[in-house]
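Dock chain X against chain F, hints included.
There are 2 protein chains.
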Amino acid sequence: MSDRKSNRLILPGLIAVTLVAASAVYLLRPSESVASQALDKAQSTSKLQSLAELDGKAPTNRKLDVQTWTTAEGAKVLFVEAHELPMFDVRILFAAGSSQDGNVPGLALMTNAMLNEGVPGKDVSQIASGFEGLGADFGNGAYRDMALVSLRSLSDSDKRDAALALFDDVIGKPTFPADSLARIKNQILAGFEYQKQNPAKLASIELFKRLYGDHPYAHPSEGTPESVPAITVQQLQAFHAKAYAAGNAVIAVVGDLTRAEAEAMTAKVSAALPKGPALAKIAQPTEPKAGLSRIEFPSKQTHLLFAQLGIDRADPDYAALSLGNQILGGGGFGTRLMSEVREKRGLTYGVYSGFSPMQVRGPFMINLQTRAEMSGGTLRLVEDVVADYLKTGPTQKELDDAKRELAGSFPLSTASNADIVGQLGAMGFYNLPLSYLEDFMKQSQALTVEQVKAAMNKHLSADKMVIVTAGPTIAQKPLPPPTDKPAEQPLGVPEH
Amino acid sequence: MSDRKSNRLILPGLIAVTLVAASAVYLLRPSESVASQALDKAQSTSKLQSLAELDGKAPTNRKLDVQTWTTAEGAKVLFVEAHELPMFDVRILFAAGSSQDGNVPGLALMTNAMLNEGVPGKDVSQIASGFEGLGADFGNGAYRDMALVSLRSLSDSDKRDAALALFDDVIGKPTFPADSLARIKNQILAGFEYQKQNPAKLASIELFKRLYGDHPYAHPSEGTPESVPAITVQQLQAFHAKAYAAGNAVIAVVGDLTRAEAEAMTAKVSAALPKGPALAKIAQPTEPKAGLSRIEFPSKQTHLLFAQLGIDRADPDYAALSLGNQILGGGGFGTRLMSEVREKRGLTYGVYSGFSPMQVRGPFMINLQTRAEMSGGTLRLVEDVVADYLKTGPTQKELDDAKRELAGSFPLSTASNADIVGQLGAMGFYNLPLSYLEDFMKQSQALTVEQVKAAMNKHLSADKMVIVTAGPTIAQKPLPPPTDKPAEQPLGVPEH
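So the sequences go chain by chain: F and X. So the first sequence is numbered by the numbering used here: it starts at 123 and just counts up by one. So the second sequence is numbered by the numbering used here: it starts at 123 and just counts up by one.
It cannot be assumed that every hint is accurate.
No copy labels: a pair is met if it fits in one copy or bridges any two.
30 angstroms max Cα-Cα, derived DSS-like pairs, lysine-lysine [unchecked claim]:
| # | residue 1 | residue 2 |
| --- | --- | --- |
| 1 | K422 | K307 |
| 2 | K411 | K307 |
| 3 | K390 | K307 |
| 4 | K295 | K307 |
| 5 | K364 | K422 |
| 6 | K244 | K525 |
| 7 | K575 | K564 |
| 8 | K295 | K403 |
| 9 | K411 | K244 |
| 10 | K244 | K575 |
| 11 | K307 | K599 |
| 12 | K466 | K307 |
| 13 | K519 | K575 |
Think of the hints as simulated: they come from the structure by calculation, not from any bench.
Bound conformation, chain F alone:
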C-alpha cells in the first residue's frame, strides 16, 4: 500500500474510478503555494473547532534556532538542528511554479511531476523502490509560485548518503522518459475530462481567469487541454535547466544533523543542480473588473465564489488582515459568514473566506455552495455580510476571541520537524525575516479593533467583488428568516 503504487499503477477492478479520483485531487489542489499554506496554517486559528479545545492543551512552542547560509552556487539554506529523532527532512523550493510557464501552460507542473520518473540507469520503479528500501520518503509538487521537492530520511550516515545520492539524481539529472510523459499527459487529460463534471473546479478556473486576466497567475497550474498534449521532452529539459538552477532555489533542512553535516549535505545538493541565477520576479497583477459571471451547470446545488486581489507576502498589513479575515470567515465555526449563512439560515454546510498572500498579490476569496433555488438570495446575503463587516469592523469581543485562538494555535506551527521545514521553506522563499513567526504573533496580539477595520477597508471593497457562480438557471425562492435556533441539518440534506 505504498503511495508509489497507488499513484503509479493501474490496478484491475475499479480502476477508472480510482484514477478519476486521483486526478481530481491533483487538479483540485488549491492554487496557492504550499509554503503559503504552511504559513497560513501557522497563523490560522482554524485548527481549533472551538475555544474549548484550547484549555490546557496547547503544546509548548519549540523555539526555532534558525541558521542560514548560501551555497557556493547561490542557493539559500535555512537549517534547524533537532536531534530528538534519528531522521531529517529536507525541502527545496524553486521559483518554478506555473507563473513561470510562459506561453506553455502546464509546463512547470509537468516538469516537476516528471523529476522522479527516470534518472540515468533507473526507471520510475527503481527510484521509488530505492527510496522505499532506505525507509526514505520522496515528495514533490508544483503550484503557482513555486515547485518543490522534499526528502525525509533516516540520519544514520549509510542510509542518509544513499538516500541523498538518489535525491540528487532526481533533482539534478532527470531523464524525462517519453513513456512516462505520455502516461502523465493522459492522467492530466483524464483530469480535464473529469473537471467538466465538477462545478467547483469550473468556477475556480473561471474566477482566476477573471481575476488575473493576462497575468501568469491566471491559468491553472495543470495547464489546459490544448497546451498539455503539445509539451515536449525538450521543453521539460529547458525548463529544468533554467528553473531548477541552484540560484533559483531555497533549501530548508531540519533534523538530526550537525551544522557541519548540514553544510556538507546542502553543498552537495546545490552542486547537483543545474547552474544558474534566480529567475526574474513576475509583475504585480492589475485590478480586475468587478461583476458576476455565471456558469450554467445542471445540478441541485449552486457554487458561489467571490474574490478580489489581496496582498503579497511582503505586505505589512498581513497580520491585521489575517485576524480580520479570521472573524469574517476564516475560522470555521463562529465566524460572521458561518453564523449568518449556515447557523441562522441553514443555507450551506460551510462558507469560508481567506487571503492567500503570494509572491505578488494573491486572491482574497470567499466560497460556498447552496441550494440552487436559494443561490440568488445567498449571494446577496454574503455581499451584505461583507459590506456590513467592512462598515462596522469587528467587535472587541470578536477580536479578543480571535487573538486568543491565534495564540493557542501558534505553538502547533512548529510542533513537528515536518511543520518546521515547511515554515523554513516559506520564510526563505518569500524572503521573510527569521523572526517572522514571532513578529507576526506580536503584531497580531497588539492590534486594535480600529486597526483591523482600517486594514480590511484599505484592501477590500464591498463593490469590487469578482463573482462566479456555477449552477442551474431556475426559479429563485426567498431566503428563510434568520433563527437563533439553528436547524439540525442544512437545508440541502433532506433531498437525498
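Same frame as chain F, but now just chain X:
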C-alpha cells in the same frame, strides 16, 4: 504539510474545493478490500507499462520467512523479521468492514474513522502530534470485508514503546468524542452531496445494489444520507466492543524486531483490544438478474459498468482467472479490451476488467467511459469482445506474454516492508497458506490455454452481465471502423 493537517484542518482560501476533493476520494475508494488489492497488485502485471520494462530490471524476490502464532486472546499473528532498516510496520485487520454494518450502513467505516479522534486524556490533535513527535505514522481504513489500523515506527525501544502505547490506546480505548463525530458526519454528508455530480460513483453504487441485492456487500461502505446522521456514539462503542475484539483480529508485523520482541509486542497489542471471538462469516450472495440499468446524467460522456459475481479468495481457479483476465482487460495496454475499444477505435482513454476475490464472491467488473453518442455502440462492442474471448480463449502467445509479465512483476510484491506487511495481513485475514504467493506463481506458470479458457467459462457468461450506464439520453452514432493506425488522441479530446 503533514497528512494530519491536510486531512483534519480547515484552511482559509480555497477550502471548500479541497474538502470536496478529499471527501470524493474517501467515498470513491474502490469497494474491494485493501488486502485484496495488495494481493492483486502482487499478481497483476499491470505494474508494467510494457514488456520492454522487464528487461534486466526486475528486482530479486525477497524470500519470506513467515512466522506465525496465536495470542492468548485469540488474535492470529504473522511476522517477518527484517533488520535492514531500524523500523517496523504493524497492521491489524479486523473482520469489521461494512459487510458487518447490519442495519446501520456506514457504522463500520465511521467506527474506524473515529478511532484516532480521542483516547483518555488526549484529543485528535494530541494523538496526531504524539505519533508525529515520535516519527511514527498511524493509518486506518475500512472497506467491505475488513477494517484496518497500521503503525510504522522506529524500532529503537524508547520510540517503539511510546508509539505502541499510543497505538494501543487508539485501537483499544477510543473515546468517540461527540464533536469529532459531528465533523466526520458532516464530511461524509458533504461527500454524498458531491456524489450527485459524479456519474462514475452513481453508477458504481447502483451496480453494487443490482449485483448484491439484500447481501451485506450491496450498500456502500460510507453508508447512506439516511443512515449516517443517525449513527450514535453508543452504536460506535458497541461495534468497537464486538468487531475490534482480539479474536476477530489478524496482526501482521514486519521489521527490525526479534521474534521475542514481536511476541511481546503482539501480546500487548492483543491484550489492549476488547475481549471476544471472531464474528460469524457472512453468507455467499445469490445470483443477480442480468440486464441494463440507465442513470440519466447530463454530460458529454457516458460511464459504462459491467459486472457479474466473481469468486471468493478461497477459489482454486483464481490463478487461471487472474491470468485470463489479464489478457482480457486487466493489464493496461495491449489487452483485448484496450486494443478493440481504445487502440483500434479511439473510443476511450482506458477500459479495464478485474476480479476482486473477497471473503465471499466479490465482483468481476469491466468499466470505461466514452462519448455519449457512441455509448450504445461501445456497450455492444464490449459485450462482443467478452463473448468472443470466452468462445475462443486466449492465444498461446497472449498466455505466454501474460505469464512472462507476471513472473517479472512478482518480485515487486515483496520489495519493501510495507509491501510485505500488506501481503501478510491478507494471507492471515483470508486464511491463505503461508506459501500462497509461491503457490500462485507456480500454478500460474503451469496453466495451459485450455485451462484458462475453461476457468473463464466456468465463472463468467456473456449473457449474465449486470450493466449500469450513467450519461445523457441522446441520438446515437455508429462506431468508426477499426483501424490499425491508432488515432493520436481518443475521440473524446478535441471537444475541450
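Verification of the supplied hints:
1. K422 to K307: Close across copies (21 angstroms), not inside one copy (33 angstroms); limit 30 angstroms.
2. K411 to K307: Neither way: K411 and K307 sit 34 angstroms apart in one copy and 40 angstroms across, limit 30 angstroms.
3. K390 to K307: So K390 and K307 fail the 30 angstroms test inside a copy (32 angstroms) and across (49 angstroms) alike.
4. K295 to K307: within (21 angstroms within a copy, 46 angstroms between copies)
5. K364 to K422: neither (47 angstroms within a copy, 40 angstroms between copies)
6. K244 to K525: between (52 angstroms within a copy, 24 angstroms between copies)
7. K575 to K564: within (18 angstroms within a copy, 74 angstroms between copies)
8. K295 to K403: Within one copy, since 26 angstroms is at most 30 angstroms while 53 angstroms is not.
9. K411 to K244: neither (51 angstroms within a copy, 50 angstroms between copies)
10. K244 to K575: So K244 and K575 fail the 30 angstroms test inside a copy (57 angstroms) and across (38 angstroms) alike.
11. K307 to K599: between (44 angstroms within a copy, 28 angstroms between copies)
12. K466 to K307: between (46 angstroms within a copy, 20 angstroms between copies)
13. K519 to K575: within (14 angstroms within a copy, 75 angstroms between copies)
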